[in-house]
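Listed below, chain by chain, are the residues.
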Amino acid sequence: MLKLDNISKVYRVGTFGGKELHAVSNVSFDIGDGEVVSLIGESGSGKSTIGRMILRLISTSSGAILFNRVDVSTLEGGALKDYYRKVQGVFQDPFSSNNPIFKADRVFRIIREEFFPEIEGPEWNNKVNSSLKAVGLNPGDVLNKFPHQLSGGQLQRFLIARALLLDIQFLVADEIISMLDASTRIDVLNLLADLKSRGLSILFITHDLSLGYYISERAVILYQGYVVEMGATEKIFENPLHPYTRMLMAAVPRLDKKWEGVEIELRAKQLGLTPGCVYYERCQSANKDEDCARDRPVLLEAGPDHLVACGKL
Amino acid sequence: MSLQVENLRVYYQTLRGDVKALDGATFTVADGEIMGLAGESGCGKTTLGHSLIRLALPMRFVEGHVTLDNEELPVWDMERMNDFRFRRISIIPQYAMNAMNPTRKIGKMTSELLESRKVSFKTTLPELKRRLDLVELSHDVLNMYPIELSGGMKQRMVMVLSTLMNPSLLIADEITSALDVASQKAVAEMLVEFRNRECCNSAIVITHDISILYQIADSIMIMYAGQLAEKASTEVIIHSPRHPYTKLLISSLPEIGVKYAEKRLIGIPGRPPLLLDPPIGCRFRDRCPLAFDKCVEEPPFMEIEKDHSVACWKVFEENAQA
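Keeping their order, the protein sequence lines are chains R and H. Residues in the first sequence are numbered from 1 upward in steps of one, following the working numbering. Residues in the second sequence are numbered from 1001 upward in steps of one, following the working numbering.
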């Protein structure tokens, strides 16, 4: 459905724009119909930049973003409006996404004025109500209220409902959970899962790996604008290969294991994977060579009643 | 006992009446204990932390006693608390990113801070440098402006500043929430290291992230709507909580290895009550699946077994039967 083809974003920085900052470098991946892809990385890794480029809030420096095989950057006028009917974003801070002087449902009115001027009042109200119900909100509770009268979880769902009004096929969810409380964040996550089962594709941008694991089929790990590892979520989480991914995995606070336990386990896994000597990485011996990395030594007799598992003695 | 808090009540004054943000907290923090304080936003955890060190308007002290190392803290008196602040009780504030004066070099700011407490910067400098080594910051930061440091570096710098006088109690308010997982881990482990090296005697770590607390805290206290819900050792809170709110809260946390398709987690329906006019009785009653008639009375915060206190009638009932 959406295909990122070798996209980069370079910012000019410095007094005269003489320096270049590579925010995103040669990133390619695609997102299929009804698929959730997690984009995981630290702050400054370029994950939000990718989301903004997809939403065309900023331009790409090179490469192309293809939505249903159409290059997004060429869209203009009516075609662009059509694009926004299908692709929408929800952002991190639900409180600053709304103008505090206006009632929160103003966002629905804007959508109607922009996209559906032909729909009559009562019909529109029905549409709003059904989209609010779809995100698990009771219209009576949330309509006609100011943003400060709603909780963060309600506002975030409100903004998802706004996106749903447009009949969207693709949602960029940029850290939409991180400002919410533990007791409400899972509701928003479940809502995304429900929308996905109805065929919506989601780019789920997050720095929280457990949230990414919960919801997505595929994960893309970004570091400094480069993709360092990507693939099926289970594979990446159960067997992280890139050192950066492994560091991230070890640093995630978990409820089932303490940090030391995770580190030891990861190291043990790595040792099990390498074909060579288990002591290879820490071995200080002068005789250490490539054979040690390739073949696992067997126990040999060094002397009477004395066995050793090293072929280099 | 390092810290003893008895029936502390602190309200916020507003035009519409008092917001009962902290309504009767009684607990202790032992020597060398790192106590985690968790709960949803607006549950009063930051109010509790701040009332121990700087009870400023619009906060209003209603009643209660706070004892630190067998000496009563005059938390209601801003002036007298000056003798305790920074030396005996210290805080790493939320948004430590913005806690430093942007117009001063960090070294200059530190010296001004120490001088204001009548401590010589020169004699403290060797210790300051030792502490910088401990948090893996180069000594050059003293000649830098705060803007030149990254978020994680600023956080560590503020940690060093806050603990420079070896306070008896350190309050860490959401110190990890604005950081990436890697810096989160580093900062959290440093806090434990500070305690181990006796840069602070005991600590209260305020956060909404319970999984961080599981990694570093000795005990966890859960707050709900301005009141204490449960306090016990970390293992007990995570693996065998008793209060219905704690149970729901812990079970709603997604973990690595949990996928929505296999195990759909559920949140807690409803939202916390407004504290301007909190409901009488148990404040969790409206959202609680186990609520019964008794819950219209306010449950006391009682110890049900050693080092495990709960405020829930249902739990008391079960315990009486067992």
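One or more of the hints may lead you astray.
Derived pair list, reagent style DSBU-like, types lysine-lysine, alpha-carbon separation capped at 30 Å [stated by the list, open to error]:
id, chain 1, residue 1, chain 2, residue 2
1, R, Lys-258, H, Lys-1306
2, H, Lys-1122, R, Lys-258
3, R, Lys-133, H, Lys-1263
4, H, Lys-1259, R, Lys-258
5, H, Lys-1263, H, Lys-1247
6, H, Lys-1306, H, Lys-1259
7, H, Lys-1263, R, Lys-235
Residues from chain R that face chain H, not an exhaustive set, calculated with beta carbons under 7 Å [unchecked claim]:
id, residue
8, Phe-116
9, Glu-217
10, Arg-254
The set of hints was computed from the structure by calculation and includes no laboratory data. None of the values given here were measured: they were computed from a predicted structure. Ideal placement from N, C-alpha and C gives every residue a C-beta, glycine not left out.
Hint by hint, here is what the structure shows:
Taken as a hint, the R/Lys-258 and H/Lys-1306 pair is honoured in the structure, with Cα atoms around 24 Å apart against an allowance of 30 Å. As the CA atoms of H/Lys-1122 and R/Lys-258 are separated by approximately 40 Å, the hinted pair breaks the 30 Å bound. Among the hinted pairs, R/Lys-133 with H/Lys-1263 is consistent with the structure: their alpha-carbon atoms are about 24 Å apart, no more than 30 Å. For the suggested pair H/Lys-1259 and R/Lys-258, the alpha carbons sit about 21 Å apart, so the restraint of at most 30 Å is met.
For the hint pairing H/Lys-1263 with H/Lys-1247, the CA-to-CA distance comes to about 17 Å; that is within 30 Å, so the pair holds. Simply put, H/Lys-1306 and H/Lys-1259 have alpha-carbon atoms about 36 Å apart, too far for the 30 Å limit, and the pair is violated. Annotation: proposed proximity of H/Lys-1263 to R/Lys-235 holds, straight-line Cα distance about 18 Å (limit 30 Å). A distance limit of 7 Å between C-beta atoms decides the matter here; for R/Phe-116 the minimum to chain H is near 32 Å, and the interface restraint is violated.
For R/Glu-217, the interface hint is violated, the least distance from its beta-carbon to any beta-carbon of chain H being 9 Å, above 7 Å. Taken as an interface hint, R/Arg-254 checks out: its beta carbon lies about 6 Å from the nearest beta carbon of chain H, inside 7 Å.
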